[in-house]
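K.L.:
Chains as they are written, first to last, in my numbering: chain A, 1 to 459; chain B, 460 to 918; chain C, 919 to 1377.
Heads up, a few of these hints could be off.
Quick look at which bits of chain A chain C covers, simulated, 3 or more residues with Cβ under 8 angstroms [as the list claims (entries may be wrong)]: (1) 38 to 47; (2) 55 to 64; (3) 87 to 95; (4) 118 to 132; (5) 205 to 212.
By construction, these hints were calculated from the structure, which means they are not laboratory data.
Cβ atoms here follow ideal geometry from the backbone N, Cα and C, with glycine treated the same way.
Here is how the chains run, residue by residue.
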Amino acid sequence: MTGTNLRLKLPVACIILEVIIIILFGALVEYDEEVDARKWHQHMKNGTSNYENNFYYRYPSFQDVHVMIFIGFGFLMTFLQRYGFSSVGFNFLIAAFSLQWATLMQGFFHGLHGGKIHIGIESMINADFCTGAVLISFGAVLGKTSPVQLLLMAVIEVTLFSINEYIVLSVLNAKDAGGSMTIHTFGAYFGLMVTRVLYRPNLDKSKHKNCSVYNSDLFAMIGTIYLWMFWPSFNSAVTAHGDDQHRTVMNTYYSLAACTLATYGLSSVVAHDGKLDMVHIQNAALAGGVAVGTAGEMMLTPFGSMIVGFLAGTVSVLGYKFLTPVLESKLKIQDTCGIHNLHGMPGVLGAIVGAITACLASKDVYGDGMEDVFPNIYSEDVTASGQGLRQAISLGVTLGIALLGGLLTGFILKLPIYGAPPDTICFEDSIYWEVPGEEGSHEELACVKTADEEEKMNT
Amino acid sequence: MTGTNLRLKLPVACIILEVIIIILFGALVEYDEEVDARKWHQHMKNGTSNYENNFYYRYPSFQDVHVMIFIGFGFLMTFLQRYGFSSVGFNFLIAAFSLQWATLMQGFFHGLHGGKIHIGIESMINADFCTGAVLISFGAVLGKTSPVQLLLMAVIEVTLFSINEYIVLSVLNAKDAGGSMTIHTFGAYFGLMVTRVLYRPNLDKSKHKNCSVYNSDLFAMIGTIYLWMFWPSFNSAVTAHGDDQHRTVMNTYYSLAACTLATYGLSSVVAHDGKLDMVHIQNAALAGGVAVGTAGEMMLTPFGSMIVGFLAGTVSVLGYKFLTPVLESKLKIQDTCGIHNLHGMPGVLGAIVGAITACLASKDVYGDGMEDVFPNIYSEDVTASGQGLRQAISLGVTLGIALLGGLLTGFILKLPIYGAPPDTICFEDSIYWEVPGEEGSHEELACVKTADEEEKMNT
Amino acid sequence: MTGTNLRLKLPVACIILEVIIIILFGALVEYDEEVDARKWHQHMKNGTSNYENNFYYRYPSFQDVHVMIFIGFGFLMTFLQRYGFSSVGFNFLIAAFSLQWATLMQGFFHGLHGGKIHIGIESMINADFCTGAVLISFGAVLGKTSPVQLLLMAVIEVTLFSINEYIVLSVLNAKDAGGSMTIHTFGAYFGLMVTRVLYRPNLDKSKHKNCSVYNSDLFAMIGTIYLWMFWPSFNSAVTAHGDDQHRTVMNTYYSLAACTLATYGLSSVVAHDGKLDMVHIQNAALAGGVAVGTAGEMMLTPFGSMIVGFLAGTVSVLGYKFLTPVLESKLKIQDTCGIHNLHGMPGVLGAIVGAITACLASKDVYGDGMEDVFPNIYSEDVTASGQGLRQAISLGVTLGIALLGGLLTGFILKLPIYGAPPDTICFEDSIYWEVPGEEGSHEELACVKTADEEEKMNT
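Using the sequences and the hints given, assemble the complete structure.
P.N.:
In C-alpha cells:
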C-alpha cells in the first residue's frame, strides 16, 4: 500500500504547482480594461456606460459553464459505487488547477499586451473550456490513476490544448465556438490514447468495483441533467453578441431535445428486455450538445440541429453497446466513462457538420451577420467552401495533436512513481480518501472510528 | 412480464414522434428576427445595439425555469424509494419531447407569420411552461404508468394546453404570466382526471413500494429547494420588462417565504408527536409560488403576497393531511405526489387572487404602468371589474378543458397496449430499467451481473 | 421525549413570527421606484429604458447567492449521517424566516423613506447576506438545538447583524461588499459564543451519530461545490456596477482556485497515510472566498488574490486538524461544522487583507474608479491609511458585537423550554422528523409504517 501513499507526493505536487502559478501570475497577468478601475473609468470618458461592461453579457453564461465543469462533470462520474469521493473530489482538484494554468497558457498563445496577459470574463470562460477538455480525458482513466498523475496530465494537456486551439482558431481561422473539435475531440482522443498506454491487462481483478449502485446512478443523473440544461450556455458562451448567442442557444437546445428522444429509443432497442440502461441515458443524451459545438452559431436552423442531435444520440448509444467492448478487447483501450461515445464520435460528427455548414454559407442567408460568423468569408479572404476546408483541416490537426500528445503523456504517466493504484483496488476511494462506513451495516464501525479519532485529537 | 416489455413500443414511440417533429420543424419553423443573422443585422441598421437583443433580458430567467423543469420536477419525484430512475428519467424524456411539441402547438396558436412559426427566447420559455403542466400531471400518475403512456399523455396534454392558453390569454385577454391557471390548475386537474380513470383498486399490493427511504427524501429535497429558489424567475420569465419583472420576482419571493413558515407550523400541528413530515416540507412550501402565478406581476404588494403565500401553505398542508386520503378512498383518485395540494388548490387560489387584484386595479396605483399589466384597462376597452370577470371566466374555462381533456386522455391511456405495470409492481424501477444492486447487501450481485455483461460484450 | 415534542412550540413560533412580519410589512414596506409600476413609469419619462432597470444587473447575482444560501449551506451540513433532514430542512426554515426579518431590520437601519422601508433587488440580496450569517452560526450548534431555538437565535442575530452592519458601513464608512467582517466574522464568532454557552459536557453520548457516512459526504459535496462556484457572485452581488463587479468576480475566482490547491496539499499532509479528509475538502476549499470578501472589489490583483486564497486554505486545514480539538477540550466550544476554520479565521484574515489593501489605495492605481471603491478617499475626507484604520476598527467592533450578542443569545437559548434534544440523541433527525427506514434492512419497516398510516388516514 505504501506505493499509493501520497503523503509527500500530493502535497509537493499541489504546493509547487500553485507556487509556480502564483509567481507567473505576479509577473505576467493584468486585469483587462473592463476590469481595471483606472482603465475602465478612462474608457467611460467616451460615454460608455457601466451597463455596457462585457461582464453583464458574459457572466451568466460563464456561471452556467462553471456549473457544468464542477457539478456536471464531477457528478456525472459518481456513477461508480465506491468512487464518488474521487470523482467529485479529483474533478474539483484538477479543474481548480487547470483553470489557472489555462489562463496562463491561453493568455500566452492568444497574444500578450506589452508582455502582459490581459484577463477578463472571456479569459475565465476560455479557461473553463480548456478545463473541460482535461475533465473529458479524466473520464477515460477514471478509477485507474492517482491525483498526482491527474495533475501531471493536466499540466501537459492544458499546454497542448492551448497550442492546438491557437493553430485551429488563430492560424487556420476555423470556427469552433462550442469546441466540438478543440474541446471534445481533443479531450476524447487525448484521453483515449493515455488510457491505451496505461492499459492494465489485469483490470478485471477490480471489475467488481467497476459498476454502479442505485444511489450512485442517481448522483450521476445530477451531473447529466446539469450538463444537458446548460449546454446551450456552453456553446454560446463566447460567440458574438446579439443574434449569434441567441441562435447558438436555440440550436443547442433543439439538438439536445432530439438527441434525448433518440437516446431513449435506441437504449430500449439495444438493452435486453427493452429495458433502459442508465449508462446510455447519463451519457448519450448529451451527445447532441457536443455535435453542434461547431455549427451551433451558424445558420444551422432548428431543423438541421435536430437532425444532428438525433444522429449524435444514435451513434452514441450504439457506441456504448457495440464499440466500447471492442475497443477494450481488441484495441486494449479501457475507457471507464465511455468518452469515445459521448465526446469522441459526436465531436468528430460536430466537426464534419461544421465544415459542411460552412461550405453552405451564403450572403443571402447571413446578410451582414456574415461578418460575425465568418469574418473571412465576409471580407472575401476565403470562399465558403474554402472555410469548410479550413474546418476539415482543423479536425485533422486536432486529432493529430491529441493522439500524439496523449501518447507522450501516457508514457510519462506510466512511470511507477506517482502512486497509481494496483490492479486489484482500482475504482476504490479508500486508497486516497478517509472513507466512512456505509449506511446500516458498517455504520457503527464508521462512528467508532471517528469517535476514536476525536479522542485521539482531544488528547 | 412480457406485457411490460417495451423493446418495440418505446423505440417506435420515441423515434416516430421525433421524426414527425423534425419534419414539422423543417416545414414550419423559422428563427425570429432576433435570432436570424440576416434579419437581426437588418434590424440593427436602425441603431439597435446587440445588447438590446431580448436574449440578454430573458435567458437568465429561461435557464432558471429550465432547472425547475429538469432538476426541480425530476428530483422532487425521487422521494419514492425504488422509483428514482423513472422519476428523473421519465421526467427527462417527456420534458425533452414536450418542449419540442409545445413549440409547434403554441407557435400555431400564437399566430403564424406567413405560414411560419417564429421562435426565439420567449418561445423557449413558453415551451418550458407548457412542459411544466405535463410534468404536474405526471406527478399524479407517477409509478403507475409506462413511458409510452406518458409520451401519449404529453402529446394530447400539450395540444389541449395550447388551446386553453390561447383561449385564456388571446381570446379572453386574461393575465396569467406565472400560470396559476394555464399551468398549475390545468396540469393538476388534467392529471387528477387521468389518474381517476386509471384507478387501480388493487394498488395496495404495491404499497410497500409507495413510500420513501432516507436518501430518497434527501434527493427529493434537491428538487424542492430548486423549485423554491427559482420560482421568482418562473413567474417573471415572460412578464413585461422593467418594473413588471422586478415586481413579480419580489412578490413571488415573499409569498414563498411566508408559505414556508406556514408549512412548517402546520406540518408540526398535524403530524403526530409534533414531528415534521417531509411530504409537507417537500411540497406545501412551494404552494406560495403557485398562488401568486397570476397576481405576481400586479401591484399585489409584499403584504398581499405574504398573505397569499401563508394561505397557500396552510391549504396545502391541510390538503395532504385530510383531503388526499379522502380523494383516494371516496373519489378513487390515486394522486401519487399529491398534486392537488401543491398545484390544484393553490392554482385555483392563485386564479381567484388574480381576479380580485385585477378588480382593484386603478390608475392611481399603476400610473402609466397600467399599459403593461392591464393593456385593456389602460385602453379603456374594459373596466377593472370587467378584467376581474375575465380572469374568473378563464379559471372556469381552464377547469373545464382540463377535466374533459383528462377524462378523454384517461380512457385512451386505459387501453392495455402500452406496457403499463401490473398492480403488484408499481412504483418499481426494475420494470423499465436495468437496475444495479443496493449498497452493501446486493452489491456483489450487481457487480457480478455487470461483470458478466462485460464478458458477454468482450466476446 | 415529551421534552422535545414541538407540537405546540414550533407552530406557535412559526405562526406568531410570520403574523408579526406580515403586519410590519403591511405597515412599513413599499416597492422602491424600480419596482413600483407608477413610480418606474414616472421615472421612464426622463428617457430611462426598461433595460436600465437595476433588476437586470443584480438579479443573476441574486439567484446565485440564493442558491448558496438554500442549497449551498443546506447541503454542506448534510454530512452528518442521520441529520440530513434537519440540515436541509432547518436551514430552509430559518433562512425563509431570516430573509423576511432582515428586510425589516436592514430597511430600518439603512434609512426610512417617509417612514417607509423601500425594497428592491438590492434589499433582497442584502437580506440573503444577513441570512448567511445566521446559517453560519447554525453550523456551530448543528445537531444540538431545536428549530424553536434556531428561530429565536435568528430573531436576535438578524437584529444585531443589522446594527453591526449599520455601524461598520454607515457610521465607520468601511468597505465590506462580500462581508468578510459583517457576514463571516460576525456569524462565526456569534455562533461560537452561542455554542460555548450551550456547552454539553456529555455530548460524547451522541458521538456515534456525530460523523458522516458515504452518501452523506456526497450530499455535502453538492453544498460545497455550489458555494465554491457561486462565491464570485456572492462577493460581487452588491458592489458598484461595471469594473467593480467584474473585478470582484475575478479576484474571488482566483482566490478560490489557489485555496483549493492549498487545501488538497495540506489535507494530504495532515491526514494519516496521506489520505485526503472530506471534512477539509468540503470546508477549507471555500476559505478563499471568505478571505477576499472585503478586498475583492479593491485592486487586489489576481496575484494578491491567489496569495490570500492560498493562506486561507492553509489556515483553515490546520485549524480543522489542530485547533478544533483544542477549542472543544480546552475552551468547551463544540463547533459541529468547524465554522471557526471556514468562516472565523478566514473572515478575520479577510478583514486584515481589506485594511492593508485600503492603506495601499492610490489615485495612480484606481484613477477615477476610486470614487466607486473608496468614495471617502476620492472626496479626500480621509487618507488611504485612514480608510485602512476604519477597516481595522470595524473588525474590532464586529468581533465585540458578535461575541457579546452570542453570549446573550446563548443564555436565552439555554432556558429548558425550547425542546432541545437530550445529550443522548443529538445529531438525530428522528427527534423532530417523521423518518422513514434505510435502504435494504429497515425498508420493510418503513413501508409497513407508511402503509399503516395510509390505512389510518383512509378510515
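K.L.:
Hint by hint, say whether it matches the structure.
P.N.:
Cross-check of the supplied hints:
1. Residue count for the stretch 38 to 47 of chain A with a Cβ under 8 angstroms from a Cβ of chain C: 6. That meets the three needed, and the coverage hint holds.
2. Under the rule that three or more residues need a Cβ within less than 8 angstroms of chain C, the assignment of the stretch 55 to 64 of chain A holds, with 5 such residues.
3. For the stretch 87 to 95 of chain A, the proposed coverage by chain C is satisfied: 4 residues have a C-beta within less than 8 angstroms of a C-beta in that chain, meeting the threshold of three.
4. With 4 residues having a beta carbon nearer than 8 angstroms to a beta carbon of chain C, the stretch 118 to 132 of chain A meets the requirement of three or more and the stated coverage holds.
5. For the stretch 205 to 212 of chain A, the assignment as covered by chain C is violated, since 0 residues bring a beta-carbon within under 8 angstroms of that chain's beta-carbons and 3 are needed.
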